[in-house]
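In order, the protein sequences belong to chains A and B. In terms of the working numbering, the first sequence opens at residue 1 and continues consecutively. In terms of the working numbering, the second sequence opens at residue 1 and continues consecutively.
Keep in mind the hints are simulated off the structure, nothing from the lab. From the three backbone atoms N, C-alpha and C, an ideal C-beta is built for every residue, glycine too. Just so you know, not all the hints are guaranteed correct.
What the hints assert, rightly or not - Residues on chain A that point at chain B, a partial pick, calculated with CB under 10 angstroms: (1) 35; (2) 42; (3) 158; (4) 358; (5) 400.
Claimed, not checked - From chain A, some residues computed to sit far from chain B (all C-beta separations above 12 angstroms): (6) 15; (7) 25; (8) 71; (9) 97; (10) 111; (11) 116; (12) 138; (13) 187; (14) 231; (15) 239; (16) 272; (17) 374; (18) 420; (19) 423; (20) 427; (21) 456.
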Amino acid sequence: MTEFWDVLYNVLVVVLLIFVATGAVPVITALVHFVIVPMHAFFNHYGQAEPYFPRVAVMVPAWNEGVVIGATIERLLALDYPADSLRIFVIDDASTDDTPDVVGRWATAEPGRVFLLRREQGGQGKAHTLNHGIRIVLDDDWAEAVLIMDADVIFTPSSLAKMTRHLSDPKVGAVSGYIAEGSRDRNYMTRFIAIEYVLAQLASRRAQNVLGAHACLAGGAQLHSRANLEAIGGAIPTGTLAEDTVATFESQLHGRRMVFEPHAVVLAEEPGTIDALWKQRLRWARGNVQVSSIYRKVWFRPGHGVHHLGSLAFGASWFSIFLLPFAMILSSIGLVGLLLLQSDLAQVVFRALWITAALTYIFSMLIGVQLDGRIGRSSWREAFLFPGLISFVVMIAALFPGLIEEQLPGLFGMELLPGGHVALTLFIYLWISLAMLGAWLARVVEKTGAGRVLSPLLTYLVGYGPLLCAITVDSYIKEWRKADTVWIKTEKTGRVLG
Amino acid sequence: MNDMTRGERGEARDELRRDRRKEYLLLLQAVIALAVIAVILVVRQVYFS
Numbered sequence: 001m002t003e004f005w006d007v008l009y010n011v012l013v014v015v016l017l018i019f020v021a022t023g024a025v026p027v028i029t030a031l032v033h034f035v036i037v038p039m040h041a042f043f044n045h046y047g048q049a050e051p052y053f054p055r056v057a058v059m060v061p062a063w064n065e066g067v068v069i070g071a072t073i074e075r076l077l078a079l080d081y082p083a084d085s086l087r088i089f090v091i092d093d094a095s096t097d098d099t100p101d102v103v104g105r106w107a108t109a110e111p112g113r114v115f116l117l118r119r120e121q122g123g124q125g126k127a128h129t130l131n132h133g134i135r136i137v138l139d140d141d142w143a144e145a146v147l148i149m150d151a152d153v154i155f156t157p158s159s160l161a162k163m164t165r166h167l168s169d170p171k172v173g174a175v176s177g178y179i180a181e182g183s184r185d186r187n188y189m190t191r192f193i194a195i196e197y198v199l200a201q202l203a204s205r206r207a208q209n210v211l212g213a214h215a216c217l218a219g220g221a222q223l224h225s226r227a228n229l230e231a232i233g234g235a236i237p238t239g240t241l242a243e244d245t246v247a248t249f250e251s252q253l254h255g256r257r258m259v260f261e262p263h264a265v266v267l268a269e270e271p272g273t274i275d276a277l278w279k280q281r282l283r284w285a286r287g288n289v290q291v292s293s294i295y296r297k298v299w300f301r302p303g304h305g306v307h308h309l310g311s312l313a314f315g316a317s318w319f320s321i322f323l324l325p326f327a328m329i330l331s332s333i334g335l336v337g338l339l340l341l342q343s344d345l346a347q348v349v350f351r352a353l354w355i356t357a358a359l360t361y362i363f364s365m366l367i368g369v370q371l372d373g374r375i376g377r378s379s380w381r382e383a384f385l386f387p388g389l390i391s392f393v394v395m396i397a398a399l400f401p402g403l404i405e406e407q408l409p410g411l412f413g414m415e416l417l418p419g420g421h422v423a424l425t426l427f428i429y430l431w432i433s434l435a436m437l438g439a440w441l442a443r444v445v446e447k448t449g450a451g452r453v454l455s456p457l458l459t460y461l462v463g464y465g466p467l468l469c470a471i472t473v474d475s476y477i478k479e480w481r482k483a484d485t486v487w488i489k490t491e492k493t494g495r496v497l498g
Numbered sequence: 001m002n003d004m005t006r007g008e009r010g011e012a013r014d015e016l017r018r019d020r021r022k023e024y025l026l027l028l029q030a031v032i033a034l035a036v037i038a039v040i041l042v043v044r045q046v047y048f049s
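Bound-form chain A, shown alone (with noise of 0.2 angstroms):
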């Protein structure tokens, strides 16, 4: 009988190993991307491009964009790109405010460079809006490329011309840019966004276009050229909340290569407060629930058609985004588990596990900062206290041990008490599940009239890493309870840099 509860007691401590290596996928998948990202030095597109001057059909869905919509189309007209090769359409998806006569104004001024292109019945998301102007521009023969875009960015001005060199690559099917985060009045939401968008952009796609698979060249700055277009059926997948990512799927399954430039720079306004920012990213997340779905016979599954959508390293760095929150609320029960049952094992893992994450981190942020100077000056805190006040000193007492539990106590003459330790520890085994809930309260917190004070304290010590799982986990249950896929549009004030 003994025997037996010896092999349970073996196979249990085996399963919450195996449940904290569920925690260190992710980070090992994010380090190995980073490590990637300096061999674009080497693995790039450029030597392929050449100077490339198609004729580009700008298109721009526009709801109630009254406010922003006359800046685009300036800075559109402003291009340093040939007036002749460029063409710019509005679509206006029954707006409700000046934007058609906004825009009107301008088709008048300019006519043959701006078009409008009203929809009467409006409000079926942003895929829907694009392809009324895309089966237009398409019916004539005169766009070789077409440049889908949200209204409020503005691009800069050699930013279109940097994107179509790629496209001089017949292989070539889609280009994205780099869309910055370009408030004019900013706040810590906005810094951390814009420290994120470095990362998730000018890093991690910059090492997708080393493995040659991307997950999703940006809605916002997104050029195809006219025959990937018509390749992926002329018009932009609908029936997701992700059809940018859809739309990249697309066009690799049937063959072409995306290209993510990084000197082409996109600003754009992004959400100022943790409301804002949790309506776009659910719209994302679920979004990419559903793609999960839609392409499950594609993960995993190498060597399988002409694109790269089915290696290892993509699949891995789809699923960590992806599973993230699971990861860190079963690597938290693996923890405490073996605490109770090992806990000098405990200590072993937990140290492996959180000084592999705070390397990656450190690695990944000073990388981060030094990208995009602009952003790496103004946003330097948020890098470093992306992962939260609170994880850095657990990332700092994983690296240095005895630092935070004696060192600095003694310092003040004052001591941990054993029961101090016990609490501390599980604190701390727990605290990566815990930041989750920590910023979803910041979100309760944002309503109250504390909000302004608290919300951003709470962010700060929790994390906008984890305030973005706590999103994704909410997406899981939206898409679980097939909740309403209402298009809920960002909310956009004209406030991005001039």
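Place chain B on chain A using the hints.
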């Protein structure tokens, strides 16, 4: 495709070359990041092991 002047094409080609060269900065940035990590690991080894 529109007609480009030789000057415009040359300018675009120079910009392409510049952007391609800028990518080598990634190597330097990675070395800086690795150097900081090396310092952290040395401190850990010397004072906390």
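Now for the hints, and whether the structure bears them out:
1. 35: holds (8 angstroms)
2. 42: holds (8 angstroms)
3. 158: holds (7 angstroms)
4. 358: holds (8 angstroms)
5. 400: holds (4 angstroms)
6. 15: holds (31 angstroms)
7. 25: Holds: least Cβ distance 21 angstroms, greater than 12 angstroms.
8. 71: Residue 71 (chain A) clear of chain B: closest Cβ-Cβ about 25 angstroms, beyond 12 angstroms.
9. 97: holds (35 angstroms)
10. 111: Correct as stated: the minimum Cβ-Cβ distance to chain B is 19 angstroms, above 12 angstroms.
11. 116: Residue 116 (chain A) clear of chain B: closest Cβ-Cβ about 24 angstroms, beyond 12 angstroms.
12. 138: holds (18 angstroms)
13. 187: Its Cβ never comes within 12 angstroms of chain B, the nearest being 28 angstroms, so this holds.
14. 231: For residue 231 (chain A), whose nearest Cβ neighbour in chain B is about 20 angstroms away, the distance exceeds 12 angstroms, so it holds.
15. 239: Since the minimum Cβ distance to chain B is about 35 angstroms, residue 239 (chain A) lies beyond 12 angstroms and the statement holds.
16. 272: holds (30 angstroms)
17. 374: holds (15 angstroms)
18. 420: holds (21 angstroms)
19. 423: holds (23 angstroms)
20. 427: Fine: 21 angstroms to the nearest Cβ keeps residue 427 (chain A) off the interface.
21. 456: Non-interface label stands for residue 456 (chain A): nearest chain B Cβ at 28 angstroms, farther than 12 angstroms.
Comparing the model with each numbered hint stated earlier shows that all of them hold.
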